Amino acid sequence: MKHDARAWLEKIHALDFDRTVKIMNVCGGHERSITHAGLRGVLPKWVELVPGPGCPVCVCPEEDVYQAMQLALQDKCILVAYGDMLRVPVNVKKGEIRTLAEAQAAGADVRPIASPLDARRIALDNPDRPVVFFAAGFETTTAPTAAMLAEGIPDNLSILLSGRLTWPAVAMLLGSFEPSPGSPGFDALVAPGHVSTVMGPEEWNFVVDRHEIPAAVAGFAPESLLASFYSVLRQLKSGERFLDNCYREVAHPGGNATARRMLAATMDVVDANWRGIGIIPDSGYALKPAYAQHDARLLFPDHTDPDRRRAGEMPPGCDCAKVVLGKIYPNQCRIYGKACTPRNPVGPCMVSDEGACRIWWAGGVRVTADA
Amino acid sequence: MDDTRILLAHGNGGRLMRELIADIFARHLANPLLDTDADAVTLPPLDGEVMLTTDGFTVQPLEFPGGNLGSLAVHGVVNDLAVAGADPRYLTLSALIEEGLEVDVLDRLIASFAAAARESGVAVVAGDTKVVRRGEGGGLYLSVAGIGVRRARAPLDITRIAPGDAVLVSGPVGDHGIAVMLAREQFGLSGELRSDSASVLPLTQAVRDLPGLRFMRDPTRGGLATVAHEIARACGHSVILEQRAVPLRPQVVSVCEMLGYDPYYLACEGRIVAVADTVATDKILARWQALPEGAGARIIGRIETGDSRVILDTDLGGRRILDELEDDPLPRIC
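Protein chains in written order, with the working numbering: chain G, 1 to 371; chain R, 372 to 705.
Next comes chain G alone, as it looks inside the complex:
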């Protein structure tokens, strides 16, 4: 039966829990919809909504952003990247260029794009110049990059691939990998709608099967999110466990077969570094050897500088890593709203529209809290 948002909300209120229930989401889009609809204010006090690893910009390794900047500055490439990546700071000394946007202001040719097709167009328009597409993102944005590769791309276009898979981060939180990091910090999971649309909802079965944690795939409208909250709460109450799908009209079993085929044809799944978190097994994409002539990591010098202070980590004082993992809420970060605001972001979570800190700040959360 189809309910509207109000009806789902009433059903949730009719459930009675005498303890706090933490529901984690792993999608910046979910967090944004939750905040935009004011869902935290209308849910019962015993429900806590925890933003988890749902921001591809936030977890993109600092080394990759640094490498992209150096390609644009030193190797004189046209560097194209999703707009959000342009303002992500790297860890350099005061006064040095710390974002792609600053590199652009210093004369580097950096261009924000919204789709891989823009990268192809820019490469075709500039046949005598190398164009590097800094492709950071989750499955949803990596799939179009794979499709472009599979269809064939201009000779002068290469990819600095920084694609990540979502489920391994949740698996890490749940201790699927050894050594176990301890308590996962949540009682139920809302699985990401777009990722499930591409990869299939079945990817999330492990949450239910291996860890007996209720899970439901949700879309981005308040009624879909509320339906998923109700589903996981009902599961907690009844002791039943299954992966529910509250985004049936879009997320179909098996996902998007074409997109998955293109991903499998062009990319390998590899262990990958997540900024501030470390290596997570089988959590990243790398170009297959057949695409070596388009792999920016092979075509250009490696500008890694091991002498940079805290290279690869979050900036000093920044708790983004804990925010990304749902260990603390954004306003429990030591510098939230103080040293770190959207105008002067210190950590990546305050940069992106997918970042929990940015979403909370833009949603009006000005009160800080203790961790």
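Hints in this document: simulated from the structure, not taken from any laboratory.
A portion of the hints provided could be inaccurate.
Some chain G residues judged to face chain R by a derived CB distance under 10 Å, without partners named [stated by the list, open to error]:
{"#": "1", "residue": "V21"}
{"#": "2", "residue": "S33"}
{"#": "3", "residue": "V42"}
{"#": "4", "residue": "G219"}
{"#": "5", "residue": "F220"}
{"#": "6", "residue": "A221"}
{"#": "7", "residue": "L226"}
{"#": "8", "residue": "V270"}
{"#": "9", "residue": "A339"}
{"#": "10", "residue": "R343"}
{"#": "11", "residue": "E354"}
{"#": "12", "residue": "A362"}
{"#": "13", "residue": "R366"}
{"#": "14", "residue": "V367"}
{"#": "15", "residue": "A369"}
Residues from chain R that keep clear of chain G, each with C-beta distances beyond 12 Å, as calculated [to be verified]:
{"#": "16", "residue": "R376"}
{"#": "17", "residue": "M388"}
{"#": "18", "residue": "G508"}
{"#": "19", "residue": "G509"}
{"#": "20", "residue": "D528"}
{"#": "21", "residue": "P534"}
{"#": "22", "residue": "R592"}
{"#": "23", "residue": "E601"}
{"#": "24", "residue": "P618"}
{"#": "25", "residue": "G631"}
{"#": "26", "residue": "D653"}
{"#": "27", "residue": "R669"}
{"#": "28", "residue": "G688"}
{"#": "29", "residue": "G689"}
{"#": "30", "residue": "R690"}
{"#": "31", "residue": "E697"}
For clarity, every value in this text was computed on a predicted model and none was experimentally measured.
Glycine included, C-beta positions come from ideal geometry on N, C-alpha and C.
Assemble the complex: chain G is given as a structure, and chain R must be docked to it using the hints.
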């Protein structure tokens, strides 16, 4: 020689430039006051206080469903004068043309500029053209100044806004922002949505005699939320908007849901946000709804005592702060 595209020589002051001005600009914009050979124009005395505004225009693509750069530029300047309580009278037009622009495109844009000016009752009385090198301009930039005569009883003053006043909008918001985005054919989306680009003069003329009308503004860049912030900042109180009352077209809602855009920050080019006291509010609503341009007018919120913030009361009874826009909105990447 390729005569279908603009060349640098079209800006060199010689024959090509003279012909371009005669064939396109003078032909479309002709009126008794426009003398393309003169350095300055003498205007007849105006029957009231003179209001002056200026604005620059750029849009990609140059043509989109519901309008183009030419009509957009006229509406932008006419609307700035209109919401300030003036009747627009004269425009000037500076065109910065990029080498390589198709002459046919330029012709269409200037013809559209002229048609929009005629509809709004304004004459173009001075102009200029420049040609910039290929790669140094987005096809065409237009810079337009407008002169009008104030007709509102008193100057419409944002600082007169007080708690208890109502906030109105003259029609659905976000159409222009989404129409232009769809016209770019990014994100694999396309659609039938037309820009709302239009003159709001009939709407302002219908209500500007009302003493309880405090303020009008056209929500262009930054959209409804940005105008609400201007109001909140100027009056020092909270602007409360009701999510269910803000008119939105279904296409705008679905594109926003898909890409994670927020309709309250999307540009409009033919709408007015007004603030009025309780007496004037019902009259404004009735007069607007009686006009074709204002059929979709609604009361969307109110001014409340409090911090200068913008708050959206959501459908579900939640509250959300609409923060000031920081960067250009970008589509979500997850």
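Consistency of the hints with the structure:
1. V21: 19 Å, violated
2. S33: This interface hint holds because 8 Å falls under the 10 Å limit.
3. V42: With a closest approach of 5 Å, the V42/G hint holds.
4. G219: Interface hint status for G219/G: holds (9 Å vs cutoff 10 Å).
5. F220: 6 Å, holds
6. A221: Since chain R brings a Cβ to about 6 Å from A221/G, closer than 10 Å, the hint holds.
7. L226: 8 Å, holds
8. V270: With a minimum Cβ separation of about 20 Å from chain R (threshold 10 Å), the hint on V270/G is violated.
9. A339: 17 Å, violated
10. R343: Holds, about 7 Å.
11. E354: 5 Å, holds
12. A362: Constraint on A362/G satisfied, holds at 4 Å.
13. R366: This interface hint holds because 9 Å falls under the 10 Å limit.
14. V367: 12 Å, violated
15. A369: 17 Å, violated
16. R376: 17 Å, holds
17. M388: Given a closest Cβ separation of 29 Å, the condition holds.
18. G508: 16 Å, holds
19. G509: 14 Å, holds
20. D528: Non-interface label stands for D528/R: nearest chain G Cβ at 28 Å, farther than 12 Å.
21. P534: Fine: 20 Å to the nearest Cβ keeps P534/R off the interface.
22. R592: Check passes; 17 Å lies beyond 12 Å.
23. E601: Given a closest Cβ separation of 18 Å, the condition holds.
24. P618: With a cut-off of 12 Å, P618/R remains clear of chain G, as the shortest Cβ separation is near 18 Å.
25. G631: 6 Å, violated
26. D653: 29 Å, holds
27. R669: The claim holds: R669/R sits with its nearest Cβ about 20 Å from chain G, beyond 12 Å.
28. G688: Violated, since 5 Å does not exceed 12 Å.
29. G689: 2 Å, violated
30. R690: 5 Å, violated
31. E697: 5 Å, violated
In the structure shown, a violation is registered for the earlier hints numbered 1, 8, 9, 14, 15, 25, 28, 29, 30, 31, in ascending order.
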